[in-house]
Structure formats: structure tokens, C-alpha cells
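**Student:** Protein chains in written order, with this note's numbering: chain A, 1 to 344; chain B, 1001 to 1388; chain C, 2001 to 2434; chain D, 3001 to 3341.
Simulated from the structure, these hints should not be mistaken for laboratory data.
Note that the structure is predicted; figures quoted are calculated from it, not measured.
Don't take each hint at face value.
[Unchecked claim] In silico DSBU-like pairs for lysine-lysine, Cα to Cα no more than 35 Å straight-line:
| no. | chain 1 | residue 1 | chain 2 | residue 2 |
| --- | --- | --- | --- | --- |
| 1 | C | Lys2196 | C | Lys2228 |
| 2 | C | Lys2168 | C | Lys2384 |
| 3 | C | Lys2392 | C | Lys2155 |
| 4 | C | Lys2225 | A | Lys103 |
| 5 | C | Lys2196 | A | Lys103 |
| 6 | C | Lys2384 | C | Lys2419 |
[As the list claims (entries may be wrong)] Partial list, computed: chain D residues near chain B (C-beta under 10 Å):
| no. | residue |
| --- | --- |
| 7 | Ala3129 |
| 8 | Arg3139 |
| 9 | Gly3151 |
| 10 | Arg3154 |
| 11 | Ser3155 |
| 12 | Asp3160 |
| 13 | Arg3174 |
| 14 | Glu3183 |
| 15 | Lys3192 |
| 16 | Ser3195 |
| 17 | Ala3253 |
C-beta: ideal position from N, C-alpha, C; glycine also.
As a plain string of letters, each chain reads:
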Amino acid sequence: MTFRILRLALIAAGALVISWLLMIGLTWLGTRSESFSNVVATGTAQYFSALTIGAIYALIALGYTMVYGIIELINFAHGDVFMVGAFVAYLIFTSLGFGGAIKSIPLLIGILLLGFLVTMVVLGVLGAAIERFAYRPLRNAPRLAPLITAIGVSFILQNVVQVLISNSPVPSPQLVSLEYRFTLLGASVPLLNLLIFLVAVVLMIALQVFVGGTRLGRAMRSTAQDREAAQLMGVNINATIAITFFIGSALAGAAGLIYGLYKGNIVFNLGFDAGLKAFTAAVLGGIGNTVGAALGGFAIGFIEVAAVTTGLSRWQEALVFSVLILVLVFRPAGILGQQIGERA
Amino acid sequence: MTRQRGTVEDSETGATALGSTDRLFDFFGRHRSVAIMAAMLLVAIALPLIVLAPPFSGFNTQGVWIDNFNGAGIYVLLALGLNVVVGLAGLLDLGYAAFFAIGAYTYGLLASSFYGIHVPFWPMLIVGALVAALFGIALGAPTLRLRGDYLAIVTLGFGEIVPVVFTNSDALTNGTNGISGVDRPSLPGIIFGASNPVPFYVTMVVMLTIVLILLYRLQDSRLGRAWMAIREDELAAASSGVNTITTKLLAFALGATTSGLAGVFAASRLVFVSPDQFGFTVSFTILAMVVLGGMGNIWGVAIGAFVVFIVQSVVLKQLTNFLQPLNIPFLSSIDFLQYQFLLFGIALVAMMLLRPEGLFPSSRRRRELHTAQGDDLSSPQESAEPLT
Amino acid sequence: MQKFLRSSAVGLTLLLVLAACQGNNAPGGGSTSGSGAGGGSKGTVKIGVDLPLSGNEVANGQPTFNGIKLAVDEANKNGGAGGYKIEINKQDDAVNGVHNPDQGATNAKTLVADPAVVGMVGPFNSNVARSIIPVTNEAGLAECSPSNTAVDLTKTGSDKLRPQNPDKRNYFRLAAPDDIQGPAMAAFDYNDLGKKNAYILDDTEAFGKGVADEFQKAFVKLGGKVAKRDGQKYSASVDYTSLFNSVKSLNPDVVYFGGTQVTGGGLARKQMVQAGMGAIPFTGPDGIADLGTGGSQGAFITLAGVDNSHDVYGTVAGVHDLPSGSDFSSRYKAAFQNDPGAYSAIAYACTQVLLKAISDSAASASDMKSLREAVRAYVFDASKTYDTALGKISFTSTGDIKQAFISFYKVDPSLNGGKGGWTFVKQQAFEGGQ
Amino acid sequence: MTATAQAAPAVPETPDDVLIARSITKQFGGLVALRNIEFVIPRRAIVSLIGPNGAGKTTFFNVIAGLIPPTSGSIELSGMRLIAPARRAWLEPLLWFAPPLLVLLIGILVSGGNIQLVALWGLLALLLATLILPTAMARPAWYESFIRRLGIFRSARPNDIVRSGVGRTFQNIRLFHNMTALENVLVGMHLKLRSTPVDAVLSTPRHRAEEEEARVRAARYLELAGLRGRDDELARNLPYGDQRRLEIARALACEPVLLLLDEPTAGMNPRETGEITALIGRLRTELGLTVLLIEHDMRVVMGISDRITVLDQGERIAEGTPEEIRRNPRVIEAYLGKPPS
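Turn these sequences into a full structure, and let the hints guide you.
**Tutor:** Okay, here's the thing in C-alpha cells:
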């Protein structure tokens, strides 16, 4: 176990360094600047924005992949759950009277923790409720039926937020001042970016520990493997699936909160686009695989930034999907997905 | 299979007991193409008359309704094509609008002053369908090894890439501005105009009739059975001698064909083609139409597409204008335009919860529901059944 | 069936509850008919409106629609136009939340088929205009767009949009075309601000890309350099940080954003400042200069943040050092409790033009059909002039505004008690039409 | 047929052998599922494959059926070497992509910077690719022989195996559940029907005649398998035993020379087992089929087999007539106190 964690950490560290070098190389390709220090500085700045975007995608992708793993449903409403998370955090912060950066560090930490807690719980409940009303009745229906209700739920969530809050973007409070920065190799990076990355990593590790080491986690894994068998073993299927939705949606809620802090701008329809990207990330990593989802999220963030860096901003989306298609052509079950051969 | 069932029922009820209506059904059961033609003719005549009566007349005038039917017809074509891919062959395609775009652009480029080429509409119907079919094969080929939802995301990717390519190829497709001044169809003595939707209507009805007949024939042929076999169990299909690759590619190609037709028709009706008509929301709408109508059932899908289009593009859009003059307290003062998403979303969820199999489940599904008892010995394999 | 009824009843109830909650948020939403005391004796005529009014684009459509509604309400209060009471036939061209040319054409057909519709305002997007104009042209319905700026809608290439009646123009607009607005800002950047190295970013949509192209042409012609040209398709989860990171080392001294507030303007400025490029001026077309104060819903300054909105410049079509300009803004505020959007005033002016055409030609027209034609002919009579919220204007024979004035605006963060607002910088006349 | 009962030396081949497997090895990662299996099935024989669980029987079946390629070794079906590890497979993609890329290159060189011309050439290249790629993937016979001439070899896929006369059933029934029994059988006849999609669309007389005849024939297969009158029932609604029969009927519809039956009596009661055993016997006598059978029920195996091969842990430990196998000490050992019959 320790060995496995150590190996994983080493691989992750290696990937981080390699992608950093890669980004600097791409920056050189894109800018063709003669000044080496300029290239390194730009590349580093780009690298950190890729990590931040990737972390958000990864957190959303986790929810997709967990739900898919357990009931094989592409939960198209998940992106909108993320959006609702951003708005819940917005409502919490503004109702407490915080519209901008908080100077006092202890207060900031307290408010953030409170925000995370409330957002994640509210969103978890919302996710479980959606499952209860829109998906559970269709568990034995044809497989595309819940896909359509998912699209319907997505429309409903969007319209409700639009009508109740705003039909145009809303400035979300950026509690962590962007003036806190650190300089690395000539690039000035907001501390917030690092914070977001760390929060995402902590949440992912917590999820891994939960799924890997607790009774509930075991119930989830066994349900994902074989629902009937798990049921025979005394696993409460309905509760397990509800908990999966709860956790996935709570993570999306955390992602929403982070997104609001980072972007400072939220809008009722941001979920669909972000959700689509996150879903792509989940598939890229190997859907059903939580580590893969995280990996896919970071990969998509990286590709998006790389596209901009190399001057291909107009082709950003096309590039993301081209990479996806290429990966799937050679690894039909994603990067880390189980490459199931044809079984008899 | 309809024919088959007809004969079985005959032998059960006894041919002597047939009434005149039964005889009619029997006739149509045997000559399905004639039945389709008769039904389409009936529908084509009835629709413009129905809308003269309230409440439909409150929404739009007859002329506009007919034009709306033309729009609905486009989506019916699209849904019929997607039904081949998703409903029959069981391949979840989330980027189907790409072929619609390709059909429309084929016509837009070859029948406008953009390149100065003006190929007439009628041959272009076939050209557009063929080009879309080719692209169906080209975009289908990389997905052949993929299963289920991996296939879905790759097709979604193609659905995203195709409009991006049209948007960014300024020199070739006029980029984001699209191609305006696309030719309308022409026939001697008949004007295809914006204010005269009837020629378009007739064209659409004829196209739909032909497509319906062809699809029914294909569905009951060796190819149709191979599609369904792949949908049910790809491995068993291959082990029964079905070449899964050719069969899947044919499904993509045939699915794309009808959307190519739809694209050509749409471009000539709108006299304008631009990338923003083919976003992924179009793909999702078509998929919703197929599932709501009842996957795999050709008539069901056609009706589903028709209903969803009319609800989305006519009823929800005109609801406010419709209710206002009625002076119903409260209802008349709501601006329904703001709640379109909500209403459409609720409609999607409610319909799926009430009828998980779609509005008109295919006949085999109905039979399954009626005879579902007594298969407690069913094999565990059933839960792994793809898509359907 | 019972189950179905029950669930639809639940849905309806939910809907009504929401509607009730929503009631005080957007008073513009409700009844579309004028509620004026006056109204005409001769009956009712309608002004057709086609705008994106749902989903993402409602942020564009609703303020624009409010401008039209304000004009109609005011006219009805003063006795209508030409003895007619004015109503609005409102159409939404957004499908699944995105403007859709196909739906636009369908809506235009609906409007054209309504005999009482004698004039039309809209659409919002140039691509929708390209599908609508063939329809309205065939019906001879005067159509005024408050926001279409694509050059080919009125000038070279516009005959393609009129296959049926090539000689009978019906489409006119008040927005300054791209080939005026873009070069205007190019000259302003180059001459007035003294900037020589521009970073140009567009939203890849018809308007944004078109105006940015024209800006680029003119800027290079003046002798300026383009540091980098990018296009970032707007999606609600778009991120501009990496774009600005990548251009920082190229040292641009001015940024031009081709796009609107709704396709990312405010966010782009915010992330630009956060990427450490706050000292560089951010300039853009009328989609940026929405003239809304900071804090009002969806305004540029609100989204960019007032702290980030310094050195932001925008062009606005029309004459703007008018007392009536601020007057409009306060009336709008009184009616809708929010600041006007970028295109509210211009939509208001569009409606004013149509109303004047209706009232002046009402006497000569015997029925609705002839009134529709009379209104169309009236607008394309180049000798007519109109008093509008944008000042005294008249049109060329192609349907572009004759007195093509471009006003330059700048954000002043100290205005409105520190909430920020736009101040007038200067205005400039251009040759209108061809 | 008079081969010795020795397990170790290769079984002598006669020209009339339906299937000849030469030292088949299959590895899954580190696990050796099959090790150097030599195997021959004479025409019109009923051969059984037995062995304890995990012996590699189903793996061997899947290799024969073209589902999984062997790691080494080869299989000849009716004299054609169809199954073997791929050779020079990397060459093949070059064949696919070279022509379109060449066209594109020529286009770029010829059009001298005119982007519209380049795009036209690009479209041409794309067209070429769309023609080549699907053809290559569909692998029609002429393509297969063409690449073999270039020294490229790829193992045959399941449908090619069916074409060369092998029909199969599955251990865990794999029917087309939402299709009727008759339609299931009709899918089995897929390769025997000649009408093209164009025929179907035009509803040519040839197509209609063929469909009529196919339905009659399919009904006969159903009858043969003991499913008379259940033509119109959905496969999923059939009772378990009938589902097994339907699978056999579907396999028969392929008109195979060699029929692979994977535990056809699993989960059946003694009466049904007897019926299936009788059916298998009739298949040989009436249709002249060769049958390869995996079976756990020793009564069935001993009752109808001409020869029996025993696998244990991926190795062939014995081969011979039922009598010989019954007495073979290694087999008894492998089954550990589970004596035959």
C-alpha cells in the first residue's frame, strides 16, 4: 500500500515536471521569442493556469466518472450541478456580506471552510435528490431514457437559476485577493492558483481514501462491479447510489466554489460547457476510473492552454476533441481505463 | 415483420371473419409501401386543415403553420436518420448535427454565388446525401473499435469539430458569416418563396414518404436484421457471420444520408448557411426526439420529432402571444419565453418518467411488455444489454 | 393518463410559483402590449420584434427589447402613432439558448403573416439578419436592426439577401457598420492614445470577428503593428488568462476586443488585469461600451470589476453629447430599475423611426397592407429626417444612417460614487452609406 | 480414425480433417491459458473437449472462433490457414495512408499557395481515405488476398470464420434478446443471403423471393431444434432450455461444416439434456455436421463422442476414444476423485 502510494506520488511528480517542460517548449514554439527568460516566464505562467483550469475540470470529472462507474449513466445534468454550486457559494458569501477580498487570514480560512462545507452539503443533497426523482424511477428503463431526463434536469436547473438570480453573468466574490502572488522563474502567479490545485488534490486524495478504505466505499465499488451480487451480499443499492451522487455532486459543488473564486464571474449556463469538457476529461482518462478522471481533467486543461499558447486559440475546442479521438483510437477505453478485450 | 405478423394474425382469427376494416389493414399489412404513401397523403392533407381550427389557429396562420411543418419535416428526416444509427444499430451518436451541417454546406457551396457555381436543387439532393454519407463513413471509421459511451463522446467530438472547421475556414466557407444568397429550388411554373411554403411542403412530404418507405424496407432486410443483431449483442452477431465493421459503417452512412437530405433542404429553404445553425444543442435535440418518439420504431420517431419540434419552435415561442388575447387571469401575464427551458426540461423529464420506452415503443417492445411474465429464468446477460 | 395530468399540474404550479418570485425582478417581462392611457381610435398596429430572448442571449435581447417597449409605451401614452394604438409582436430567435438563424426566419414568417405588423425591429445577430432579410424583403416589411453591423447587410453583397425583390430595400439599421466602427477605434488608438502595437482578440462570432477584422485592416494601414491576433469562442466557462499570459511578452500597448459584453468583454478585461496587464488600455466596439453604471446587472463595469475598468474605451454609434441621451437613460431606469444595455437606446431610436414613419404615412394608407408598404417607402425616402434619442438622423438610400457619428466613451471609475460609469470622450463624423 | 491413444505425439492428419490446430499457445499477460495444443477434428466426427474448470476449453474455443488471436501457432480450417498471430501488421497502415497523403502532397505542390485549390486536393485526399479505410477495415476477400501477397497476415475475425464454415454457441447464452426467434435464425443465415441493401430498398423480385425462402428455411431450422411454433416469440421471453435450442438453431443457420457447442446442456434437467444429446447426434447423421463439444456432463460426453480431448491447465493431457479416456490415469488424476460416469 505504501509502496503504491509512493509510486503514484512519484509518477505524479514526474508528470508535473514533464508537463512543465513541455509547456515551456510549446511556449517557445508559439512565441518564437529570442529571450529565453521570457519563454520560461510565459511558459511557467501558462503552466499554472493550465493546472488551475485542469483542477476544476478534474473535480467535475470525478462526479461524472463516479456516477458512470456505478450506474453507467452519462449524467448530463452534472455540469449544471457544478453551476448551482458556484451560485450557492455566491449566495453564501454575499449574504454574509463578503463581496471582495478578505484581508484577515484567519477570517478568510474560516469563511472558506464554511463555504466549502455548506456548498458541498447543499449540492450533495441536490445531487441525491436529482437521482431520487429523475434517475431512480428509470433504473430498469432503456439506457437512453435517463440520458434524456438528465438533459431535461439540466434545462430545468439552468432556467431556475436564470429566473431566480440573473440572466446575465454575476460577479462572484473573489475572497482570496489576487494580490497575494509568488514569483517563480520570472512568472508572477497568484497564490490562489496554487491553493486551487492543492484543494483539488486534497479532495481527490480524500475521495480515493474514502472509496478505497471505508465500508461505504467498498459498497460503492461492489455495486459498480455487479449490482445484483452486491445486493445479494446485503449492500443497500439505493443508498449506495444515492451516496455516490451525494459525493459526486459535493465535489462538483466544491469545484463551483473554486471556480467562482478563480474566475470572479459566474453565469447560469456555465455548467453545460464546463460539464461537456469535464465529461470529455472523464472519458479521456477512462470513464469509471477516478484517477483517470483527474488525469483527464488536467490533460484537458493543459491542451486548452497549449492551444492558446501556440497561437491556435480558434481551434481550441477542435484540438481538445482531436486529442481525445486520437487517444481513443489507440486506447479505446481511455488512458487508464480497463482495456476490456472482447469477452466470450 | 409487419407482414409476417399480419399473416400470423390472419391464421389465428380465421380469414372468414375479416370485416372491411380488417381487410383494409390486411391489405396495408401486405403492401406496406402503399400504406405509407396513403398515410403520408392523409397526414399531408389533414395537417394544414387541422391548424385552421382552434387552438392551433391561435398560434399561427395556416401559411406559417405550413412553413413550420417544413421545419418540422427537416427534423423528422434528421431523427429518422439518427434512428438508424441509435435505434437500430445501437450506436450512440451525439454529434449527428455534423452531417446536417455537411449536407447544408454542400448545397450552400455548390448552389450560391459564393463560388459562382449554381447546381440545381434536385440533383443536389442526391449529391448532398452522398457527400454526407461519405462523411458518415469517414467519421464513423475511427469509432468502430469503441464501445457504448466512448463512441458517444467521439461522435460528440466530431459534432464539435465540424462547425469549428466551418467557422475558421474563412477562404473556403466564408467563415463565421456563413454563405448567404443560397439558391432556392426551381421548377418551371412554381415559385419556391419565403411567403409560399406550399411547394416546399409538397417536396418535403414526397421526400419523407420516400425515406420512410426505404427505411422500412431496409429495416426488414438482411441489413436491418444485422443492425439489430449488433445492437443486441455485437459478439454474437459477429459469430453469426455479420461483418460488424461494414454493417456499422453502413449504419453511419445511411444515417448521414437522410441528414444530408435534410441539410440540403434546410439550406435551400433558409437561403443561408452558417456555422451557428449546427451546434451540439441540435444534436441533443435530435437525440431527444428519437428517444421520446420510441427508439427503433420508425413511425414513433417521426411523430416524436414532429411533436418536439412543434413544441419547441412553435408552441413555446408563441405561447405568450397565444395566451395574451385570451385574458385568462395570471396566465396571460406570464412571459413564457423566459420559461422555455423550464417547460421543455419538465416536459422531457415527465415524458421519460411516464413512458420510459418512448411515446410509441416499437412493436417488439410492446410485445415484450405484455409478455414480460414468466421469464424468471432469464440469463444474467440481460442487464448488459446495450442502449435499448 | 391521470398520472400524466397530475404531473403536468405539478409542473404548472412550479412554473407559476417561479413566475411569482420573478415578478419584481424584471418588470419588462410581463405584458407586451402598451398599457398607455391614450391609444388610437383607428385600431391597432403592431411592431414586430425578433430578438434572442431566452437562454444565454437574453442578456443581449432583454435590454434591447426594453428599449423598444419603452418607446412604444411612451408613444401610446401620447396617443399612439397616426391614430393607431401600438402593440408589440415579440418573437424569440434563440433555440436552446443560442440565437438560431432558422428560428429567426420562422419568426419573421410569423411576423410577416400578421397583417397588423407594419414594421419590425431586430434581429440582434447578423447571421440571423441574413436569414430574415430574404423573408421580410419578400413581404416588403420595413425592418430596423439596432445592432447588426455586418457590412454586407446593406452594402456590397446585400443584393444576395433580396432574391425576390432586389430593388425594393426594406432593411435599415442604426448601428454603425463594422467598416466604420472598427477603423474609428483604430484611428483613436493610433492617433489619440498614441498606441502602435495592438493585440486583437475576437469572439469568433459574426459581429466580433467582423469588427476586429476591420480594426486590424485600418490599424495596419495607419502604420500600427499587430502583436498577435487571437480568436476565443465564447462559452460560459471561457478563460482568458492564458491568452493574456501568452501575449504579455510581446509587449502590446493596446488591446482591441472584438465582441460584446455578453460574449466575454467584461471577463476579458478582468482577467487581463489579473494577468498583470492592467496598465494597457482595453478598447472595443459598441458591444463593450454598454454605458451601464457599475453594479447594475450584467454591465461591463460590474463584470470587469470597477477596480479593473480603468483605461477602458469603447465606440458607440451615433451622436451622444445630447441632453436627451441622459434623459433616455433616466427614463429607462425609471421604467425597468436597471441601466440600459448597450443596445437599448439604439433600439429605442429604431422604434422611434418606425413610429414616425407610421404616423406620417397613416393618413395615406387605406389598409394594413398599404400601410406596411407606405412605412417601408417612407423609411427609404432619403429626404426624411427623424428626431431620436440618438439625435437628428436620416438614412441613405441603402438603409445606413446618413450622419454616421461615432462617439468615444471611456470608463471613469470614480463616477456614481465610486461604482464607475462611462464618460463621453469625443465624437467624430464619418461618411455614411456608400 | 485409427490413431493411437497416445497423448504426446501430434495426432496424424488426414486430408479430410475439418480443423487442424498446430501448437496453439495463448498467453494473457503472464498467464499461459493454452500451451502448445495440437488438435485435429476429422470430418463428420463428434469431438469433445473436457477438463476441469479453468483448463482453457473456452479459450481454445474462442481462438477457433476468431475471437482472440493466438500468441503462437496456427489453425487451418478446411485446408485454409486462417488463424495465426499477425505478421508485419505495421506495414498495413502505411498502405492505407500513403495514397491520400501522396495526393495531398501533390496537391500542395501543384496548387502553388492557392488555399482553395489546396483544399480541393485535400478533399480529394479525404475522399480517397474514406474509400480506402473502410474497405481495409471491412476486409473483403480480395483485399485479404492482396495483403497476403505482400506478406502481411492477420488472423481471421469471427465473421470470416463463419464464412469458412464454423458455427458456434456460447457458454452463457448470447441471443438477440429483443428480436424474435425467427429473426435470430435469420441473422444466422446472414452470409447465406445474397440480396444487397440496394435490392432491399428497391424491393426487387429477387430480394422478395429470397426473403420468402429464407423465412421458410429459418422456420425449418427452428423446427429442427425443437422450437416449432415459437417463431414469433421474442428471444428474451423464451424459457431457458428453448433459448439454448434457439442458439443451436441460429448456429445451424450459418450452414456450418463444423459446429462448436459450448456446454449446450448446462443448467438443463435430465429430460432436456437427453433431448439435446439426441439432437446433436441427429445433426451428424442428418446434416452431416462435424461437432466440437465442450461439456461437463460426462454422460453426454461419453454417450456421443467419437473422440475426446482432455485439457488441464492449458495443456492437452489426453486424447482418445471415450473408452481410452475413461481409463486414462492422468485424466482421473486431473479430475481428482471425480470419476467419469
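**Student:** Measuring from the C-beta of Ala3253 (chain D) to each C-beta in chain B, is the shortest one below 10 Å?
**Tutor:** 8 Å, holds
**Student:** Holds or violated: Lys2196 (chain C) with Lys103 (chain A), Cα cutoff 35 Å?
**Tutor:** Outside the cut-off at roughly 39 Å; violated.
**Student:** Holds or violated: is there a CB of chain B closer than 10 Å to the CB of Lys3192 (chain D)?
**Tutor:** 8 Å, holds
**Student:** Verify the interface restraint on Glu3183 (chain D): the C-beta must sit less than 10 Å from at least one C-beta of chain B.
**Tutor:** 6 Å, holds
**Student:** Would the hint on Arg3174 (chain D) be counted as holding, given a Cβ-Cβ threshold of 10 Å to chain B?
**Tutor:** 4 Å, holds
**Student:** Is Lys2384 (chain C) within 35 Å of Lys2419 (chain C), Cα to Cα?
**Tutor:** 41 Å, violated
**Student:** Tell me if Ala3129 (chain D) is really an interface residue toward chain B, meaning its C-beta lies closer than 10 Å to one of theirs.
**Tutor:** OK, holds: Ala3129 (chain D) within 10 Å of chain B, min 7 Å.
**Student:** Given Gly3151 (chain D) as an interface hint, is its Cβ closer than 10 Å to any Cβ of chain B?
**Tutor:** Violated - the Cβ of Gly3151 (chain D) stays beyond 10 Å from chain B, reaching only about 23 Å at its closest.
**Student:** Verify the interface restraint on Arg3154 (chain D): the C-beta must sit less than 10 Å from at least one C-beta of chain B.
**Tutor:** Status violated, d = 13 Å.
**Student:** Does the nearest C-beta of chain B fall within a distance shorter than 10 Å of the C-beta of Ser3155 (chain D)?
**Tutor:** Constraint on Ser3155 (chain D) not satisfied, violated at 14 Å.
**Student:** Given the hinted pair Lys2225 (chain C) and Lys103 (chain A), is their alpha-carbon gap at most 35 Å?
**Tutor:** Violated: Lys2225 (chain C) and Lys103 (chain A) sit about 42 Å apart, past 35 Å.
**Student:** Taken at face value, is the distance from the CA of Lys2228 (chain C) to the CA of Lys2196 (chain C) at most 35 Å?
**Tutor:** This hinted pair holds, its Cα atoms lying about 13 Å apart.
When held up to the earlier numbered hints, the structure conflicts with 4, 5, 6, 9, 10, 11 and fits the remainder.
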